[in-house]
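Number of protein chains: 2
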Amino acid sequence: MLSISTRGQLMPASPIRKLVPYAEAAKQRGIMVYHLNIGQPDIETPKPMLDAVRHSDFKILEYSHSAGNETYRRKLVKYYKAAGIAIDHTHILITTGGSEAILFAMMSCLDAGDEVIIPEPFYANYNGFAVAAGVKVVPVTSYIKDGFALPPIAALEQKITSRTKAILICTPNNPTGYLYSREELETLKTIVQKHGLYLFSDEAYREFCYTGTHFSAMQMKGVDENVILLDTISKRYSSCGARIGALITKNKQVLETAIKFAQARLSPPSFGQIAGEAALDLPADYFDATKAEYQLRRDTLVARLNNIQGVFCPNPGGAFYAMAQLPIDDSDRFCQWILESFSYEGQTVMMAPATGFYETPGLGKQEVRLAYVLNTGAIHKAMDCLEKALEVYKNLV
Amino acid sequence: MLSISTRGQLMPASPIRKLVPYAEAAKQRGIMVYHLNIGQPDIETPKPMLDAVRHSDFKILEYSHSAGNETYRRKLVKYYKAAGIAIDHTHILITTGGSEAILFAMMSCLDAGDEVIIPEPFYANYNGFAVAAGVKVVPVTSYIKDGFALPPIAALEQKITSRTKAILICTPNNPTGYLYSREELETLKTIVQKHGLYLFSDEAYREFCYTGTHFSAMQMKGVDENVILLDTISKRYSSCGARIGALITKNKQVLETAIKFAQARLSPPSFGQIAGEAALDLPADYFDATKAEYQLRRDTLVARLNNIQGVFCPNPGGAFYAMAQLPIDDSDRFCQWILESFSYEGQTVMMAPATGFYETPGLGKQEVRLAYVLNTGAIHKAMDCLEKALEVYKNLV
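From first to last, the protein sequence lines stand for chains A and B.
Sequential numbering from 3 applies to the first sequence in our numbering.
Sequential numbering from 3 applies to the second sequence in our numbering.
Okay, chain A solo, but in the shape it has when bound (with noise of 0.2 Å):
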């Protein structure tokens, strides 16, 4: 008999995507939407990135390298040493999207039944791909009390069982903003030494911190047969649409076998490497236009949702996400509320449920993830939206 796969059945639908109905809905009834819900910055894709594309001159688009171009991988080694990474080209993967370098390192690392520990909340989407590779996702709890600081060294060892290979990291986080410090990132060093297991790090965000440095889990003495590093030009150059990602560790033998995923599906897109490869040249300034402006929106976002009474939102200290504590119920039926049956100034605002970025039940329900992709004009109009939405809110439930 035909029928779905259990995996196709566990397979969560996208937390976010499921209110998109709801927000075209507005629309069609004329109501603008402040989408503060997905990660697509308003950044412009630095012009020389699409021109290295407009101005391509071959005759084929040919297949390129299963682990991606040469000379783009040759180039990254300069990106990754001016942020302190020290490998070579051979240590570099090309995937395409950080999505697959996920992918690559659960099912080169796991197998079906494994367990990956990663504090929650954390990207929704790692859940799909453990469910494609049959991974079980042991979520350690931090909170937005403590500001989404990493949870004690007790808490994590706990979690800890025979099935344990990886722990998986985001830093700066999304959804919390959280920029690890070295400290957190040693005291992970010593678990996953401890007990023999791989640190996946995904430093999609990078460039953007605000209260500190940037420490790479890469950066780590002793650690290079653990650590494996996620990573993406998509948040970088304001790139999503490139799909280009990259793998890089230096464990030879997770290298060679995410290798094979790779040559499966035969090569990264072709386009997205020549305006990857371009983004390198691209002035060393080039980060501080856009730090600047992400920083202004999140000092501007999170003085705006402070000041509304009865929210709680600590100061990120990277990425463009905040997590906000607000005085509801639920937070999919407030994020679908305020746009199904709210409107101020024929306006509102689109968030994502915190519900979402839990893997335990039960939490996020006060809680909600604000992308600050947007300018601070319409970050103060979205905010005026949410102030007058909790003010008509409180009143209902």
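FYI, nobody ran anything at the bench for these hints, they're computed from the structure.
Every residue gets a Cβ at the ideal spot worked out from N, C-alpha and C, and that includes glycine.
Please note: incorrect hints may appear among the correct ones.
To be verified - Dumping the calculated DSBU-like pairs for lysine-lysine here, alpha-carbon to alpha-carbon at most 35 Å:
hint	chain 1	residue 1	chain 2	residue 2
1	B	Lys29	A	Lys252
2	B	Lys383	B	Lys396
3	A	Lys80	B	Lys20
Unchecked claim - Simulated coverage check for chain A against chain B, where a stretch passes if three residues somewhere in it have a Cβ under 8 Å from a Cβ of chain B:
hint	segment
4	25-34
5	104-112
Go by the hints and put chain B onto chain A.
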């Protein structure tokens, strides 16, 4: 302890790419290598496709819809209609290459331990995706003496167990070039209906049929729920680097499940979709010249092969591959030897040992796959090399 996953260990390295170092070494010795080993056409990508990308004028390289741009999907409906396939845009999921369509189909319909029956020899990467999905490939052998026709219905049914969930075919076929007849498809229909199986139909080479008309699995009545079409623009428009394919089905549950996998990886490449969409405006006779060129190459290659003593090559009905039986002991050894230890007038030829396309151990040792992706001049020179090589080789072994 750090270890590679079992699936990572089982993951096959590309049977084609493992000869690359020998080809590179030959080139370093100054030897010209004719690449008949991979399906990378030398046909130019249609200029309007590349121009569409080069003339694009957006400022932000954004994510697209997870299922692909709606404009692209809507235009594809007309393309499929012209091919005799009646669908609408909601039946289409744009994937990152045909590769991802294969993976999503397996992930959505089969669980770890489930079985998919595939006539062998088959496209080697099916194995890779099966390993990634934990799916067991059950081969049913087709034979070079029969021109690789679909094995008898009894042989197919004999392979069906309680874990069988799908039959996977490729028509016209890679690696054999075999074009399944309407009658053979109808036979498969009977089987999938009787046993409640999915029929995955990989039709990447639809336009390149020389000995008959292409008949798609999607053209059959009464199996809307069973059939999943796997497609790609890679070969059709010589656009392998675009990484754009499609999973198409009228089975709503399967499509909704596949879209969940698609949401996890966010979106297919944006530039590739622009190229793919532009392809749909090519003149209706676009394929005539390409097809005529491939047919000429096929005729040239097959005639030359069958003219060599002890060589047998059935005439391929489609695609751009031919399988040839050679008077050799071991195709892996021979294909390595011809790169490593042989040259004729400073030239040699790279072919794919057929062993990599068979699941059953021991099969394919006297066979090689030749991709006629080079012009007839190059094919003649490559065949000169092969003819001389076989003369030398027979005295060695």
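Status of each hint after checking the structure:
{"no.": "1", "hint": "B:Lys29 to A:Lys252", "result": "holds, 30 Å"}
{"no.": "2", "hint": "B:Lys383 to B:Lys396", "result": "holds, 20 Å"}
{"no.": "3", "hint": "A:Lys80 to B:Lys20", "result": "holds, 29 Å"}
{"no.": "4", "hint": "25-34", "result": "violated (count 0)"}
{"no.": "5", "hint": "104-112", "result": "holds (count 5)"}
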